[in-house]
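Put together the whole structure using the sequences plus the hints.
Chain by chain, the residues run as shown.
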Amino acid sequence: MAISFPFSAIVGQDEMKLALLIAAVDPRVGGVLAFGDRGSGKSTAVRALAALLPRMKVVVGCRYNCNPDLPAEFCDECRARKTKGALKSAQVPVPVVDLPLGATEDRVVGALDLERALARGEKAFEPGLLARAHRGFLYIDEANLLEDHLVDLLLDVAASGENVVEREGLSIRHPARFVLVGTGNPEEGELRPQLLDRFGMSVEVKTPDDLPSRIEVVRRRDEFESDSAAFVAKWAKEETRLRKKITSARDLLPSVAVSNAALERAAKLCMTLGTDGLRGELTLMRAARALSALESAKTVTDDHLRRVAPSALRHRLRRNPLDDAGSSVRVDRAITEVFG
Amino acid sequence: MNPVPAWFDAVIAAQLFAVDPPGTAGVLLRSRAGPVRDCWLAILRAALSPSRQVKHLPVHIADGRLLGGLDLNATLLAGRPVAERGLLAEADGGVLMLAMAERLSSSTTVHITAAMDQKEAIVERDGLSLRMPASFGVVALDEGLQDEAAPASLRDRLAFLLDLNEISLREADEIVIDGNQILAARERLRSLKVTEEQVDAICAASGALGIISLRAPLLALRVARASAALGGNAEVEQQDIAMAARLVLAPRALVFPQLDESEQREQPPEPPSNASDENENEQKAPDIDRALDEVILAAVAAALPPDVLLALRASSGRSRARSPGKAGMLQKSSQRGRPAGVLRGDLRAGAKLNLIETLRAAAPWQPLRRREAAKAGDGAARPRVLVRKDDFRITRFKQRSETATIFVVDASGSAALHRLAEAKGAVELLLADCYVRRDQVALIAFRGSVAELLLPPTRSLARAKRSLAGLPGGGGTPLAAGLDAAFALADLIRRKGQTPTVILLTDGRANIARDGGQGRPRAEEDAMSVARLLRAAEITAVLVDTSPRPGPAGAQLASEMGARYLPLPHADAAALSRAVLASVS
Chain X
0 MAISFPFSAI
10 VGQDEMKLAL
20 LIAAVDPRVG
30 GVLAFGDRGS
40 GKSTAVRALA
50 ALLPRMKVVV
60 GCRYNCNPDL
70 PAEFCDECRA
80 RKTKGALKSA
90 QVPVPVVDLP
100 LGATEDRVVG
110 ALDLERALAR
120 GEKAFEPGLL
130 ARAHRGFLYI
140 DEANLLEDHL
150 VDLLLDVAAS
160 GENVVEREGL
170 SIRHPARFVL
180 VGTGNPEEGE
190 LRPQLLDRFG
200 MSVEVKTPDD
210 LPSRIEVVRR
220 RDEFESDSAA
230 FVAKWAKEET
240 RLRKKITSAR
250 DLLPSVAVSN
260 AALERAAKLC
270 MTLGTDGLRG
280 ELTLMRAARA
290 LSALESAKTV
300 TDDHLRRVAP
310 SALRHRLRRN
320 PLDDAGSSVR
330 VDRAITEVFG
Chain V
0 MNPVPAWFDA
10 VIAAQLFAVD
20 PPGTAGVLLR
30 SRAGPVRDCW
40 LAILRAALSP
50 SRQVKHLPVH
60 IADGRLLGGL
70 DLNATLLAGR
80 PVAERGLLAE
90 ADGGVLMLAM
100 AERLSSSTTV
110 HITAAMDQKE
120 AIVERDGLSL
130 RMPASFGVVA
140 LDEGLQDEAA
150 PASLRDRLAF
160 LLDLNEISLR
170 EADEIVIDGN
180 QILAARERLR
190 SLKVTEEQVD
200 AICAASGALG
210 IISLRAPLLA
220 LRVARASAAL
230 GGNAEVEQQD
240 IAMAARLVLA
250 PRALVFPQLD
260 ESEQREQPPE
270 PPSNASDENE
280 NEQKAPDIDR
290 ALDEVILAAV
300 AAALPPDVLL
310 ALRASSGRSR
320 ARSPGKAGML
330 QKSSQRGRPA
340 GVLRGDLRAG
350 AKLNLIETLR
360 AAAPWQPLRR
370 REAAKAGDGA
380 ARPRVLVRKD
390 DFRITRFKQR
400 SETATIFVVD
410 ASGSAALHRL
420 AEAKGAVELL
430 LADCYVRRDQ
440 VALIAFRGSV
450 AELLLPPTRS
460 LARAKRSLAG
470 LPGGGGTPLA
480 AGLDAAFALA
490 DLIRRKGQTP
500 TVILLTDGRA
510 NIARDGGQGR
520 PRAEEDAMSV
530 ARLLRAAEIT
540 AVLVDTSPRP
550 GPAGAQLASE
560 MGARYLPLPH
570 ADAAALSRAV
580 LASVS
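Chains X and V, in that order, are what the protein sequence lines are.
Heads up: the first sequence runs through residues 0 to 339, numbered per numbering that gives the first Met the number 0.
Heads up: the second sequence runs through residues 0 to 584, numbered per numbering that gives the first Met the number 0.
Just to be clear, a hint being listed does not mean it is correct.
[Said to hold, decoys possible] Partial list, computed: chain X residues near chain V (C-beta under 10 angstroms):
1) Asp36
2) Gly38
3) Thr103
4) Leu111
5) Lys205
6) Leu210
7) Ile214
8) Glu215
9) Arg218
For the record, the hints were derived by calculation from the structure and aren't laboratory data.
Even glycine gets a Cβ: it sits at the ideal position worked out from N, Cα and C.
Structure, rendered in structure tokens:
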């Protein structure tokens, strides 16, 4: 596989990087959508994340990346295996699975294993991309151009955390919990509101417009392209530091306290903005908690809320096409109103 | 003003591209098919050594062929899935030639750009999961006229944007290219490095030219390296940077660079061609950073043709690329749509065999059929997979017919401003609704003596808002021209398999005839005749009569058009959008 650009070497784009780190600390935040200019490093950041994430423990031989420490969430195969004896576990990289636009349905959900069916006449299930993405990330580049029937399929699985396959006489269900990461360019069409809502956080990505950071971007990219291995080695220390930060944040996360006052603030902010449903509040809380954990803070403060609010709420506002102010501006306004 | 002919630049671009096809990413060749283009392509072929194969990509390529998929013959012979390489993987190490790039569908574009970014083709289809190397250069042949252009996402990734439309055959000299020189340059390329000052200068120049994308300076650096390699230099020099700026940055410039006036007068834009070695030393000022900036900007300024400069000054920083491609519009072709399941069926003409499903249907029966076949005794030439007629599965596509609503707005006369504001509001409201239903909206305005397509069919709110801002009003009422434009667009939309709906906002009082002549009777007669055309084509239409006192003129026009008549003298945007929605659905 190609060497990917180190995450810590990405210049600027703080909001996007933070959102991805938050999703890495707490997958329940529910995914990240990065919309913005061409050539601003959206895809680079997502691919870089794959190399950054700490490894995870899986059952050896499991096709669904089951976690050996959580027997309650085992797939059917692991359950059967467990009755026969102890399961072996191994450390593997967290999967960051690409969902290319031209993917067909059978590859996404999984289907009859043709090779075994043809060669041996066996009816066996071949897991698809959703199985591979379990406990990891599912990345859709140009998410706004994804075909509708694939979008419907994803929505269903993302909501239930389980992939149910009923086709070709197969009847299979397996866990499929993944963090959805989408990128796209709004010039090429909008995203369906239903899919938009599934993303926990949405960030707007802009090309840096100040000269020093533009120069830095070009310089680093050029350095990376002329000698990738040396460049990655140069940033290895920084990557390790960041990786440790994610690991310790994950450990800290369950003990981060959210005060009633903070909950109230979050609810008030959502009411001011008139966001639909309760998903906004939930995401806001979870993201703020993950941020506190990242910064080794034991309690969620107003500052944490304020910093994650734009990405957690921006895409949940009711659309008003006649209001020219962008959604970011509206969120900012509400933040000033609530937090003073 | 422009000492180096465009043709010379085009030939240099061909050579530089040939030196480093994947690095410089490619060439967008905007030109009509003709001898000039053929001449350029011949030069390119000579420059690319025979080892670099050129793969042609037809505009309506199927995804399976582009990305790769299951090889039918081999699969049936081998009795196990055999992958077939797609065109992207086949182009690895070579050049991919895109015909009619302005007509590329958004999905094809995305596949190509994704492969360009990752230098890999990723296949997740037909039960296959593959990654294949796909490092190639692209030559996109853009035959678009006026508004039609290659997708912006592709344009952004290609180093060279050439326009051969203005070059006459006389100017297009055949230039002999030494293939060995290019091969030697390719060898040198690896060891060439750019200095930090050069990176800074390129970034500063692209910033000064209003270029937003960061791909431009990166591409410029690669072109500079290719230029140094081609020139046989051991290091990337000032002239290489200037060359890269002229070829890569100048065509993307959105603002005219603010050159220091006094400096510019002293130091006229120097043609940074290969022959500039002699005065190179003079140029090296002590403060190299600053000097290099200016050399680059001077090079860019020299490359911009005079009329472009005028246009740039006039628009002062406004985006030139008003219509960023037509992505989203061509998204649904009749071959794609939403697969509505698979059907057991015969292979009739036009039916699309779903190979995977067919094989899946056949798979469970294989042992049984083999036994049967063995019993029947024809074991000699038995295929590996026994497929029977009832195994055939046909993919059915259900395509929800998309609607595209065309607003035709009368922007003439004194009430124009008011009406336009309403129409703008209504378009935005409808668009918000269409956005939920994934339908499209277009806007045509007519005033003075012409009709103008202000907003090509789109689903993007961002684009619509940009087009709607600053819509002018006033002048005569060329109703016939407006209806003509609406009819043409409706026809186009229908050919794409979408359903057009025309919403005409007018007071029905035409006073400019089709040929631009004055006179009410003739103008009205012309309008009526186009209206009948719309009715004959059975295009759904709504006529919103916006005159203060709705009269018989509007009603008559509506009946000639076969349109629903909606007298709405004082409607606001919300009422208008409600009425239109009610009458359309």
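- request: Report the numbers of all earlier hints that the structure fails to satisfy, in ascending order.
  value: none
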